[in-house]
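There are 2 protein chains.
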Amino acid sequence: MKHSKLRIIPLGGLGEVGRNMMVYEYERSILIVDTGLMFPNDDMLGIDYIIPDITYLLDKRDWVKGIIITHGHEDHTGAIRHVLENIQAPVYATPLTRGLIEVKLAKGGLLQRSDLHTVQAGETIHIGPFKVKFYHVCHSIPDAVGLGIETPVGLIVHASDYKFDQTPVDNWPTDYATLAEFSQRGVLALLADSTNVERPGWTPSERVVDAALDQVFAEAPGRIILASFASLISRMQQVANAAQRHNRKLAFVGTSMVDNMRMARKLGYLDLPDDLVVPLEQALALPPERVVIMCTGSQGEPTSIMGRLSRGTNRQFDIIPGDTVVLSSHPIPGNEENVYQTINRLFQLGANVIYEAIAPVHVSGHASQEEMKLLIHLTRPKYLVPIHGEPRHLYRHAILAQQMGIPRENVAILENGQVLEFVNGQMRLGERVPTSYVFVDGSGVGEVDEEVLREREALARDGIVMVHLVLDRFSGSLRREPVITSRGFLTAGDADEVLARARKRVAEVAARANGNLNRDVEQALSNFLYNETRRRPLIYVTSARE
Amino acid sequence: MKHSKLRIIPLGGLGEVGRNMMVYEYERSILIVDTGLMFPNDDMLGIDYIIPDITYLLDKRDWVKGIIITHGHEDHTGAIRHVLENIQAPVYATPLTRGLIEVKLAKGGLLQRSDLHTVQAGETIHIGPFKVKFYHVCHSIPDAVGLGIETPVGLIVHASDYKFDQTPVDNWPTDYATLAEFSQRGVLALLADSTNVERPGWTPSERVVDAALDQVFAEAPGRIILASFASLISRMQQVANAAQRHNRKLAFVGTSMVDNMRMARKLGYLDLPDDLVVPLEQALALPPERVVIMCTGSQGEPTSIMGRLSRGTNRQFDIIPGDTVVLSSHPIPGNEENVYQTINRLFQLGANVIYEAIAPVHVSGHASQEEMKLLIHLTRPKYLVPIHGEPRHLYRHAILAQQMGIPRENVAILENGQVLEFVNGQMRLGERVPTSYVFVDGSGVGEVDEEVLREREALARDGIVMVHLVLDRFSGSLRREPVITSRGFLTAGDADEVLARARKRVAEVAARANGNLNRDVEQALSNFLYNETRRRPLIYVTSARE
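If you read the protein sequences in the order shown, they are chains A and B.
Read in order, the letters of the first sequence correspond to residues 8 to 553 in the numbering used here.
Read in order, the letters of the second sequence correspond to residues 8 to 553 in the numbering used here.
These are calculated hints, taken from the structure and not from any lab test.
For clarity, every value in this text was computed on a predicted model and none was experimentally measured.
Careful, some of the hints might be misleading.
[As the list claims (entries may be wrong)] Chain A stretches covered by chain B per the calculated footprint, using a threshold of three residues with CB under 8 Å from any CB of chain B:
| # | region |
| --- | --- |
| 1 | 79 to 87 |
| 2 | 337 to 345 |
| 3 | 353 to 367 |
| 4 | 463 to 469 |
[Unchecked claim] Distance ranges between label pairs, derived from CB positions:
| # | chain 1 | residue 1 | chain 2 | residue 2 | range |
| --- | --- | --- | --- | --- | --- |
| 5 | A | A225 | B | K67 | 46 to 54 Å |
| 6 | A | G116 | B | G357 | 46 to 54 Å |
| 7 | A | T310 | B | L436 | 31 to 39 Å |
| 8 | B | G357 | A | E188 | 36 to 44 Å |
| 9 | A | A225 | B | R214 | 50 to 58 Å |
| 10 | B | N538 | A | T310 | 56 to 64 Å |
[To be verified] One side only, chain B facing chain A, incomplete, derived with CB under 7 Å:
| # | residue |
| --- | --- |
| 11 | G53 |
| 12 | G341 |
| 13 | A364 |
| 14 | A467 |
| 15 | D501 |
| 16 | T549 |
Cβ coordinates follow ideal geometry from the N, Cα and C atoms, glycine included.
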């Protein structure tokens, strides 16, 4: 009997928030779990989002037997188009998750050539050598699942995003029985979400949002405008229920929100009475205290409805004094400033603004410390692999596991591209496969890499100074004064003054230059500007002969 | 009897965090309270900090009778050099605050020509027409004060940063008696800190940090390296006490921290036994479990000790596995990502990291909601002016006051430069005086304004494309292929490909251009690149004739 190994290869989601993608590889078979995107850090200038680097998979694309998406949030689904454009493999998801993927693929025109399969929580399916049991979990979206992956080397539990909500909005708790059953079969390794490892205790139930919404709805003197993620189907249900209780009509605004609402309603994940939902035009004609408008933009994205409302640039309606705005979401890490500036603007327009910091109009969908401990007790894994989080979350997850008796050497803290191997019931580190960030910059064609970002960072820090030299075509000596201009460097007045002196210095260097004129000028000007201003703008020299 | 008015003019600290500066003006007398700096938002590219715009004061500099600094934090003291370089006026502060200002002025060589006065909490001094009573407040720095400013139109209470700590580290509670005495005299207006208005309840006592430090010190297997602000004198005392209790020696590292420690020790605000404090070299030679090193860099600033330690670029020592790093501070708003990346790196170097999110190694120095209500009850003001905070904090402060019976029309929500007038016991809005941001960009000479920041933002978003045209000196037609290069635009390969096609387009336009060649090329290239890539890089065209 030969001892083949199971290889687990994270291509995203380790050491970062979002962009979740995990590869399970056994002999010549590959199973992919999740294809998420990630939002950029402050230092990733001009970038809209980042997707996993699938270079590793490209010459093994025939090995890919299936792609499982655990739930419908962007950080788990957002790169599905990019992956399916490169890898043709069947996609498995629960009904709502599939519905959300279909909305996404329809936009890109990929839907017809995709091979989508619906799986119900509780079902077991075979994908190549893997026997995968889907178990239901509570999260801030319905129909989320975790996976029990029976592999030839042992049972791996892939606990994607989850919480142990005891009173979920859809009355469907996390499937404790299946987790306990896994433990009876013996769990070789648990891969588990680390997002909330800094939070003690137990994450509050989604149900607490109902009480917070009731208070807001009872007190709001006029319209209520509530922003959330377009994929937060359970929040739509909660807002609809509150609207009914408080005798308000509900209008949905924004293409992605309306598309998702329609799809979820059709599939039975949203229960909205027909007389509750009205078109926006009708809502705007009703008395303000009879209206709730639900829209996108809870992250303050400038092009979203809420972003435009806060800037007074929305087309169909404006914020008016007396409006109550509810931001029913948590700022994505790195996005806090954007969200808070949106809130500031809304207050300045005369709205009252209710947000997570002042009322529980949003609760986390991720397990806190006691739930993470419960998951470990329920599954009793030999090995733990913390996933989903920045490095500090993964390290803190290891510390939490140690407190529960899992020795440090049985916890693997991985980075993306670090292969983990299981053979003969033992875990060990394998080689590293190349991975990097794949930056997606707007709807733009053409790519952006780390070199481009470094240039943007330099440009953003001190701007650029451009020099044009006109040389004598025979002697190579300067024929005229150098032309020097700048962008993003100093105020016009200060720049004029510094660059006037820089011209003299450039002329001197140009007169003495031999061989590489442009390089000599660049170097001399860089030193001159640093000495004069303590700044290091990018310098760009062109020359022409005449 | 003529009814002169009191004018209150915020030049900083309203609608933003930090950069606190308030002007009290009566007839031809001006009192300035605080001269703080502010840290930049994410969209202020390449900016180190921002100081108040004192343009309004420049042609009234003779009116300025005094400058009061309420406590020694940067957001209240950081612009003192800038102000004193422009306005010669006596500065009043309590002993420790004066000491911290002296350290700051000494660095700039301004100390000799400054006119500094020590005032004790409890004292009353006359500054022009203002009779100012200094009352002690608890904050995260000793020797902080609030002000009762008796003006010809009534008593104004200027409550700068404060908390009602019932068990302060220095056993000196906030001066309730004086606040009650103000209320008996009748308070026309209360100006009060809004920073923590989103926090329910009561801010924990500084004392809880002791227990958290005890736990860290008891459990740390090796060295403890603790970072905080250089001005957090009470934290130094707490760390020293913990070091003594746990039989560790303490070394301070970093010029500003050592300077402040020496000054505070000399003035009696720090009680450190001589055998406790050791030089760094000696600390590094001791067994790791006998050592605490206290340094700057709790905000992850790249040039600070902790910033360098996390990057492995510190000169005197490195992080080693077994180290326990404590970040004893709260991330400055907008700086969260920087702090968390530092924590991530420290974990990856093998340190255990303890920070505010996982243990109370820092508590806020600002009042929470119940304390803000207590201050209003103690002073019973007719009018309230929320200060210190972003717009949402000021608006929430107004809502809190309304809940306590202060009508909305008696609360003034101001922006910087908005004059507030008091005459005949009534408050009303006055005119606006011009104010803007004064950006300080490194140690650089020369100024940066909002136009420069807009250029940097454009450069950061999509980079720059530069075109050089060589024209026939007689006909003006293109003599060679246009040279087009880019920075921060696309990856080298993609840029080559797009710019090759752009060259053709530019050549066509140049052939047809009449009049303004450069402008026509810029316009055409901008459209071409947008159509091709959906990006709008800055475009810069130069031309030469030969």
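Now for the hints, and whether the structure bears them out:
no.	hint	in the structure
1	79 to 87	violated (count 0)
2	337 to 345	holds (count 4)
3	353 to 367	holds (count 6)
4	463 to 469	holds (count 7)
5	A225(A) x K67(B): 46 to 54 Å	51 Å, holds
6	G116(A) x G357(B): 46 to 54 Å	49 Å, holds
7	T310(A) x L436(B): 31 to 39 Å	35 Å, holds
8	G357(B) x E188(A): 36 to 44 Å	38 Å, holds
9	A225(A) x R214(B): 50 to 58 Å	40 Å, violated
10	N538(B) x T310(A): 56 to 64 Å	20 Å, violated
11	G53	4 Å, holds
12	G341	5 Å, holds
13	A364	5 Å, holds
14	A467	4 Å, holds
15	D501	4 Å, holds
16	T549	5 Å, holds
In this structure, the hints that do not hold are numbers 1, 9, 10, in rising order.
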